[in-house]
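A.B. asks: Listed below are the residues making up each chain.
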Amino acid sequence: MLELNELRYSVAGLSWYFEHQASTHSVNAILGKSGSGKSTLLNLIAGFLQPQSGDILWHGQSLLKLPPDQRPVTSLFQHHNLFPHLTVEQNVGLGLHPGLKLNPGERQKLLNVLDQVGLPDQSHKRPAELSGGEQQRVALARCLLRQRPILILDEPFSALDADTRRGMIELTLDVIEQYQPCVFMVTHDVRDADAMGADMLEIRENRLFHVN
Amino acid sequence: MRLPWWSTGSLALLLILLLAGLPLLAIALEAGQINLPSVLSNAYTQRVIRFSIVQAALSTLLSLGLAIPVALALSHEPRFPGRSTLITLYSLSLVIPTVVAIFGIVAVYGRTGWFNTFLTSLSIEPLSLYGLNGILLAHVFFNMPFATRVLLQSLDGIPGEQWRLATQLGMPYRSRFRHIEWPALRPSLPGLTALIFALCFTSFAIVMTLGGGPRATTIEVAIYQALRFDFDLNMAVTLACIQLVLCTVLMVFSTLLARHIDSTIGFSGLLKPVRWRPTNTHRWIGILTISIATMFVLLPLLGLVFATANTKFLTVITDSLTLLAIGNTLVTAVVSAFLSVALALGLLISTRHLRVRLHHERAGIWLQLAGNIILVLPPLVLGTGLFLLLQPLADVFSLALLLVIAINSLTALPFVVRMLEAPMMQAGRQHDRLLQSLGIDAWHRWRIIDWPLLRRPIGLALAVAATLSAGDLTAIALFGSERFKTLPLLLYQRMGSYRLDEAAVTAGILLALCLFLFASLQRIIGGRAHA
Chain A
1 MLELNELRYS VAGLSWYFEH QASTHSVNAI LGKSGSGKST LLNLIAGFLQ
51 PQSGDILWHG QSLLKLPPDQ RPVTSLFQHH NLFPHLTVEQ NVGLGLHPGL
101 KLNPGERQKL LNVLDQVGLP DQSHKRPAEL SGGEQQRVAL ARCLLRQRPI
151 LILDEPFSAL DADTRRGMIE LTLDVIEQYQ PCVFMVTHDV RDADAMGADM
201 LEIRENRLFH VN
Chain B
1 MRLPWWSTGS LALLLILLLA GLPLLAIALE AGQINLPSVL SNAYTQRVIR
51 FSIVQAALST LLSLGLAIPV ALALSHEPRF PGRSTLITLY SLSLVIPTVV
101 AIFGIVAVYG RTGWFNTFLT SLSIEPLSLY GLNGILLAHV FFNMPFATRV
151 LLQSLDGIPG EQWRLATQLG MPYRSRFRHI EWPALRPSLP GLTALIFALC
201 FTSFAIVMTL GGGPRATTIE VAIYQALRFD FDLNMAVTLA CIQLVLCTVL
251 MVFSTLLARH IDSTIGFSGL LKPVRWRPTN THRWIGILTI SIATMFVLLP
301 LLGLVFATAN TKFLTVITDS LTLLAIGNTL VTAVVSAFLS VALALGLLIS
351 TRHLRVRLHH ERAGIWLQLA GNIILVLPPL VLGTGLFLLL QPLADVFSLA
401 LLLVIAINSL TALPFVVRML EAPMMQAGRQ HDRLLQSLGI DAWHRWRIID
451 WPLLRRPIGL ALAVAATLSA GDLTAIALFG SERFKTLPLL LYQRMGSYRL
501 DEAAVTAGIL LALCLFLFAS LQRIIGGRAH A
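Sequences listed follow chains A and B, in order.
Under my numbering, the residue at position 176 of the first sequence is numbered 176, and the numbers go up by one with no gaps.
Under my numbering, the residue at position 405 of the second sequence is numbered 405, and the numbers go up by one with no gaps.
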């Protein structure tokens with residue numbers, strides 16, 4: 001279970017207060033106007049921001065002291081998920097070792113995962129040679145490979161056209177099915193959240209609410 | 001093992017403090033004994049200070065006064081054959097070593113140069129290059145093309161809609177200039193003025209070669225004379241203190257003005273160049289302006305090329321003095337370039353962490369400013385400090401190689417930091433969350449992310465730093481001796497003893513060496529076009 005305990009964060013005269021509990025295998029969609037603090041909440045969970053007070057607990061253990069790469073979290077962003085100068089294989093491989101030192105077993109796992117997201121023979125291409133949807137699949141492959149129990153989706157479908165978006169949502173559902181992470185997704189399209197079968201949350205007046 | 005983020009910055013800062021702070025301390029300790037009122041009432045110091053300021057002000061005024069019409073003329077003619085080559089030519093004066101350009105200027109405007117031969121043939125009294133004339137001419141040669149490029153960029157940023165609107169409203173050129181072009185030029189003028197003034201104020205090689213005796217001497221050259229000819233350490237320290245104060249004032253002033261620039265430049269360079277059909281009279285005036293400016297930049301370069309091809313070529317190029325100087329120049333240039341880039345990367349890796357990850361923009365910029373130390377502590381002031389510091393301990397001239405490398409790397413540092421800052425911050429901002437979530441840091445980050453993404457700008461920065469150092473006449477004039485000479489010093493001495501043919505070949509070799517260093521460092525370090 002992921003618990004947000006009286007979490008307070010303020011910056012530039014704005015302050016947020018988050019209180020929430022999400023079960024281990026739940027899919028949670030966070031809705032809200034732009035600037036309402038959706039990304040702020042994800043950045044707090046991922047560890048890119050530090051709260052002023054309160055705590056974030058995963059299975060009862062506080063995450064606050066851990067740097068982003070040691071938290072049980074992996075993220076899929078809207079942009080800049082891939083390094084433009086590295087190949088698909090290297091970009092995914094960074095999810096296993098930050099210095100790209102992979103043993104044969106890990107390399108095999110990597111290729112299997114690329115297979116699963118439908119990019120079997122693309123491992124030596126660079127991001128610029130792929131379409132926007134394919135780039136997001138590569139990033140998703142890395143999330144699948146890392147198997148971190150909390151999966152953060154920061155508007156990963158927003159930059160895609162309608163067809164690609166549908167395919168991406170299906171693939172993401174597959175991935176969620178496979179390893180059952182606790183998902184937090186930010187979106188401003190309720191239909192995306194619906195398609196993912198998510199519990200709806202909304203940030204209003206700097207607080208988190210359930211939407212029925 | 002994880003190195004903390006501040007380790008590289010602290011190391012660079014420590015080195016900069018050792019190289020610049022200790023000499024500064026030595027000056028400060030010595031300065032206590034100076035009788036300030038008597039120094040300031042001394043006629044010589046007064047004249048030197050006055051001349052430094054006056055020549056810098058006149059140089060700035062002339063450079064900008066000429067650059068504005070040239071930039072306007074170039075922006076009114078957005079497409080004529082060779083325009084981009086011309087603009088490249090205008091940036092050449094930044095890379096070309098000062099002494100080499102001075103040689104070209106002497107070949108054209110010197111006593112027996114083309115220009116005076118031409119004047120004599122018209123029975124006009126020949127012009128003397130030495131003294132204020134020559135200093136101004138050389139300063140304009142270096143700064144006018146540079147200012148033109150900066151101003152042209154501002155003009156090219158004017159949105160096309162403004163021109164279309166002006167045409168619909170039937171505005172005459174005078175109002176177009178007042179309402180469209182002048183507002184685009186104005187924001188960059190204060191910063192540009194401050195920069196050119198500072199460059200001319202601390203200019204050394206030009207004043208040393210073209211200045212004529214005590215009447216046309218700047219503070220930098222006066223420090224040099226006090227140290228090398230009069231062996232008057234007291235005088236040197238006094239002048240160094242005056243220079244230090246004036247440079248600090250200048251630096252504060254230009255930092256304030258530069259901030260003003262950043263906040264006022266609104267439009268990007270992506271917009272289309274001006275579309276406006278000038279009248280025929282305007283076109284002719286414009287073409288004439290461009291031609292004169294181009295001749296002004298091109299003639300000294302041509303003069304140099306013609307002079308190099310002479311009968312002394314083989315003798316000079318096989319001369320052991322020349323060969324030794326080539327070796328010394330290469331070593332100094334390459335080592336100071338690497339030191340300079342290493343210092344810049346050390347500072348920037350830490351400031352990037354402060355600015356991008358910790359969002360302490362201001363603290364990061366303060367740390368970065370350490371790279372500008374040479375602007376407050378110009379080479380001759382730094383040299384004075386090094387003299388004071390090392391003289392009791394060792395024979396200063398036997399340390400020439402090390403001292404020249406130290407000064408040259410600090411001289412190149414502001415340029416190197418400025419060149420690497422933007423690509424480093426941009427790459428950092430784009431990938432910061434990803435880097436954090438994957439835990440790519442320290443050595444892994446450098447090897448897998450930074451090096452491949454930054455090797456091109458690093459190659460360029462190394463190339464520029466090496467070229468600057470190879471062409472340096474300041475540090476080597478101060479610390480060079482019969483035992484240690486670089487090509488610029490050899491060239492200066494050959495010019496000074498009127499062995500002009502030998503000097504011409506030496507200038508040619510130095511220019512070729514600079515071009516070689518520039519191209520090869522950029523290629524080897526920067527890699528091929530692939531990013």
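Any given hint could turn out to be false.
Said to hold, decoys possible - Label-pair restraints from in silico Cβ distances:
#1 A:Val-211 <-> B:Gln-430: 30 to 38 Å
#2 A:Ala-162 <-> B:Glu-161: 51 to 59 Å
#3 B:Gln-430 <-> A:Met-1: 32 to 40 Å
#4 B:Arg-523 <-> A:Ser-23: 37 to 45 Å
#5 A:Arg-207 <-> B:Val-95: 39 to 47 Å
#6 B:His-282 <-> A:Ala-128: 58 to 66 Å
#7 A:Ser-34 <-> B:Arg-178: 55 to 63 Å
#8 B:Pro-452 <-> A:Arg-8: 52 to 60 Å
#9 B:Thr-248 <-> A:Phe-209: 24 to 32 Å
#10 B:Gln-430 <-> A:Gln-178: 52 to 60 Å
For the record, the hints were derived by calculation from the structure and aren't laboratory data.
Positions of the beta carbon are idealized from the N, C-alpha and C atoms, including for glycine.
A.B. asks: Which of the listed hints are not met by the structure?
C.D. replies: 2, 4, 5, 6, 7, 8, 9 and 10
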